[in-house]
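One letter stands for each residue in the lines below.
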Amino acid sequence: MPETRILLKHRDEPGIEDIETYERLGGYTALRKALGMERQEVINEVKSSGLRGRGGAGFPTWIKWDGIPKNTNQPHYVLCNADEGEPGTFKDRELMLKCAHQIVEGIIIAGYATLSKVSYIYIRGEFVESAKMVRKAIDQAYRKGYLGKKILGREDFDFDLYIHVGAGSYECGEESALMSSLMGERGQPRLKFPHAPLPVIAGAWNQPTLINNVETYSVVPHIIVNGGAWYASMGTQGSKGTKIFSLSGHIAKPGNYEIIFGMPLLDLVELAGGVTGGNLKAIIPGGSSVPLIPAEIAKDFTLDYEASQTVQYRMRTMRLPVVGSGGMMVFNDRTDIVTLMLRTAEFYAHESCGKCTPCREGTRWLYKILYRIVSGGGRPSDLDILMNICDGIDGRSYCALGDAAAWPIMGSLKHYRHEYEYWIEHKRSPLGDNFVPPVPNRLNLNFELLPAR
Amino acid sequence: MADNDLVNVKIDGIAVQVPKGTPAIEAAKKAGVDIPFFCYHPKLSMEAGANCRMCLVEVATPRKGPDGTISMAKMPKPQTACSLPVSEGMEIETQTEQVIADRKAILEFLLINHPLDCPICDRGGECPLQNNTIFYGPQNSRFIEEKRHFPKAYPLSKHVVFDRERCIHCARCTRFTDDISGDHQLAFLKRGADMYIDTFNQSKMVSKFSGNVIEICPVGALLSRDYRFKARPWDILSQKSICTQCSNGCNIKLDYRVGRLQRVNARLNEAVNEEWTCDKGKFGMDYVSTDQRLVTPLIRRDGALQPATWSEAMDLVVQRLKEAGKSVGAIGGARCTNEDNYILQKFFRNVLKSNNLDHRLGTYLPPAQSGLHARLGYHTMGNAIADFERMKTIFVIGSDLVNEQPILFLRVRKAWRFKGGRIIAANPAATQISEFADPEVTYRAGAEVALLNGIIKILAERNPSAADLPGYGDFIKSLAGWSIEKAAEESGVSAERIRRIADAIFSGETAFIAGKAVTEHPDASAVIEAICNLAVLSGNAANVNIPVTQCNAQGAMDMGLLPDSAPGYTPVEEPGLNTRQMLEAAADSNLKALWLVGADPVAHYTDADLAKRALGGDTFVIASELFLTPSAELADVVLPVASVAEKDGTYTNCERRVQRIFKAFELSPDVHPDWFVFADASGRLEQPLPYFSARDILREINVTVPLYADCSPQKLGNEGIRWQYPSAKSDLQLVPVEYRPLAKVTVAE
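For the protein sequence lines, the chains are Z and L, in the order given.
Heads up: the first sequence begins at 8 in my numbering, then just goes up one per residue.
Heads up: the second sequence begins at 1267 in my numbering, then just goes up one per residue.
Hints in this document: simulated from the structure, not taken from any laboratory.
One should not assume that every hint holds.
What the hints assert, rightly or not - Listed next, the stretches of chain Z that the computed footprint assigns to chain L, with coverage defined by at least 3 CB atoms under 8 Å from CB atoms of chain L:
1. 351-363
2. 368-377
3. 403-413
Said to hold, decoys possible - Far from chain Z by the CB rule (all over 12 Å, computed), these chain L residues:
4. Glu1392
5. Arg1526
6. Asp1653
7. Ala1695
8. Gly1712
9. Arg1846
10. Lys1878
Glycine included, C-beta positions come from ideal geometry on N, C-alpha and C.
Modelling step: build the complete structure from the supplied sequences, incorporating the hints.
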């Protein structure tokens, strides 16, 4: 099955960063069309397209759009989540670099549909180039009258778009933490439904707030131009349209691939040129927050939101997602799973915001145990402890970061328990001579720098 | 609350009815089900809470199926009970296998980096982490790695010592500084497991309320520098008491060990201090157990004060009082209990036949029936402390509220932070209220009347119905020369800001709080009249508050320690001398004997020179004191008396709430409460006042003072009783006030 480029259609077009080129290729026609429609019609179009949030959770987009109170004088906000921090995911980066106008157009349409006047695009701090391109696109849109006062002559539609650049926290990609950070508070998640109202009722500055991913907004102009039914004609029952997957790892042609939902997992690997340097060992299909899938069962999975894998532990059975944010990492059989998990655990221990107990203490503990195992100090009881810690974090943490830290390790313990046992028994990797030791890590250095008691 | 606001929930099968939106943890408390927690605190906002995850419970809510049947749908994840608002039909399970496993897991997580140095931790024995670990925690830890290390005993402020290793990151203290005290001193730095609490740039924690973070810390991370290593919780005994540092009457617990006060903790009283104390109270009460306390009477012999026995001292006192006849006076009582004060005035009025009594040490010494009482029908505060929460606007004028009335400050801030109240403030200098006052204006010192006239001018134009009030004609005539611009020029506050203040007062029920800048004003009565005019004009005649500042000054007034009124504000026929007149008389040798009852004019009276002359002259000066104060050093006889920790009785706080104190321990058998000394002196004058305890005296007060009729020992309870004036004043009127710029004012009589 080939690629289906919709969002990345103009990726390789020279001069696409200029608004003239974008307009020549049909840019901003969606905005003109949307402004000719009733606001509710725009939302209905999004509803009929079956678009689901592309950030990872797959929440139906129209529900958020429709949930913004309609008859209110309260200010409300449109936020675009461009804090793409998920390991292995780089789709938003490319969308911002190559197709920034498409995002801006989508945000303006969202602002029109929700009667909003102000919007923010929260860009990850490391994405300096992307932020520059978005800046350029916004400036050009202001100059052309797509942003600012009385957009395209509409007396009742003023709309401003501001860029907010993050300060380098993975956690701030979580929507409530993003809003805290945007408001100038510590980048920590806030209470969520049912503990507090949904963001569409009380989000940033306690006002109704619409928040979507970069890719979600990018889809919107295409839905408006071609109609929701066209978009819904692609994909599977529950997952409509296309999705960008970022392929990396031991693969011949890494990069962003846009495919229609429902493609078998292994077809996408083939599309990207197949595995290099050995045979396929495992795939992390949707960013490091989803459990890895071993090669033996990879053929059973298709890429859509319905696909899930089951992990059983004690009294709980968990169905864990496969697609996530679309950051697909492919590993060949020279990959050491325990070291891979050590790196994952290090990431989450480093990025945990520290707000809630299970994630703050648990992620660091997971890392310490894994570090001890690869340093030759593993004990047979460690595997039970690892599973126990994951169980204590999963579902008990404040936000999904804790879950995301626990799931990969739970998955690897299910599929690759023998590799852990080999490490513990022989104090070396099952890969033998093929093993590449991990680079010295930052976290432990930090501990050594702390003053002794 | 109406029935439709209640919802039915089941907690472990126990059905309870609670108001909609109550946190599940409170509903469980009502059902008698214990849910462990660390970070939850009912007074702190939930926004930054729900982070300890100790209160996880399983929750099921009713869901309507497609066929109309209602089934219970269990939430897939466990929920934190502290932040979950209950809804109709919710079922909460707190004893399932899953919940028990979760609690174990959370406690194991909390303990992996906790140093477990309980044997040397001050919190050991009263530590929520210890308790919860014993009840819900795992038996042993599986953590064999190195724990997190920080330097121990980091000095956070003058009063607070911080042990970062013990911190469990519950965010109670950071939320306290944001939500309650408003000084925003503490915050988290770094993230993840490296996260720790610190002040900005490692500066000292500057807070008027820092002691509270010690009490709300659920582990031994934040510790009192004073109490550190002094005692263990199981060694100390505790007695209910009232803080004596200001007139707010905070409910406290005196924790003592072997006759020495070890620490002070707040006691819950929703009507007064909720559960907070200020640092003055929490760390200032240690005067009770210092070595400087007097334990024997002192008599001046050969020009020096020398120890004597009680009978020697009392014989001398009685002999000199007999010689003095009616030429005697007493200053003080603002720090004594109501019982002490009642006996003091009874001794002076009935036995010595003198009305020379005054408890006030300020410049403003108006007759009891004038000022606020003449205009509005009450003497000090029209509102209860808790009333401020419901005010739409609170106007603080001439008061450094956080220093003068710390607990009122917390209520005012609560009104702003949680109840949507608007705070406006006018002060001669910027104060801590500028954090939330909108606007806080700074006027030229002494120009209160000008500022108030500007506001009154605007309100008078907007409120035509005021024309019916008596005195309106003269009042409007006196304002003829005033315009907003003139007020702006005189007071130094811009016209636009005066308009904003008037708008805020006009927008709804407004309370007025005036402080020391008003009562110490040379022309204080004019300023108070102007405030009354503003209140009457804006329809807030019941909301003017000029609280007293000393611990029991309100009670001293009630008990008749005023030259012109007996207990219960009954006017006396021949008014005696007030403080100033007594000191002047003593300085001119016109007063034979002067009794200082817990008063130190040399240190606290505005005219220290006059006080020194008065006490150092021929007048026989008796001082009932805890310490050898500068005034007591000039006295002829110094009598050691009991402090708040060593006697029973009642205090009346600034909002007229009568609250009991209880004797905690005894300093020495030779130290007696003040009332005992007066009763003894009276007995030696052969007119015995037969009382055996403070309780006896309170019963007599209940009978003889109608205002205190309800405040019997049995009825006071833990909350105390706020006595009420028999009726509200009905004949409100407006009075012209003359504005005299400060330079032209001479000191008021």
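Hint-by-hint comparison with the structure:
1. With 8 residues having a beta carbon nearer than 8 Å to a beta carbon of chain L, the region 351-363 of chain Z meets the requirement of three or more and the stated coverage holds.
2. Closer than 8 Å: that is the beta-carbon criterion, and the region 368-377 of chain Z has 7 residues meeting it against chain L, so the requirement of 3 holds.
3. Counting residues of the region 403-413 of chain Z whose CB falls under 8 Å from any CB of chain L gives 3; the rule of at least 3 is met.
4. With a cut of 12 Å on Cβ distances, glutamate 1392 of chain L stays outside the contact zone with chain Z, its closest approach being about 21 Å.
5. The non-interface label for arginine 1526 of chain L is consistent with chain Z: the shortest C-beta to C-beta separation is roughly 33 Å, beyond 12 Å.
6. Remark: the non-interface label on aspartate 1653 of chain L is consistent with the geometry, its nearest Cβ contact in chain Z lying 27 Å away (cut-off 12 Å).
7. Even its closest Cβ contact with chain Z, about 29 Å, leaves alanine 1695 of chain L beyond 12 Å, as expected for a residue assigned away from the interface.
8. With a closest Cβ-Cβ approach of about 40 Å to chain Z, glycine 1712 of chain L is found to remain outside the 12 Å limit, as its non-interface label requires.
9. Distance to chain Z confirms arginine 1846 of chain L as a non-interface residue, since its nearest Cβ pair spans about 54 Å, more than 12 Å.
10. Its beta-carbon lying about 55 Å from the closest one in chain Z, lysine 1878 of chain L satisfies the requirement of being farther than 12 Å from that chain.
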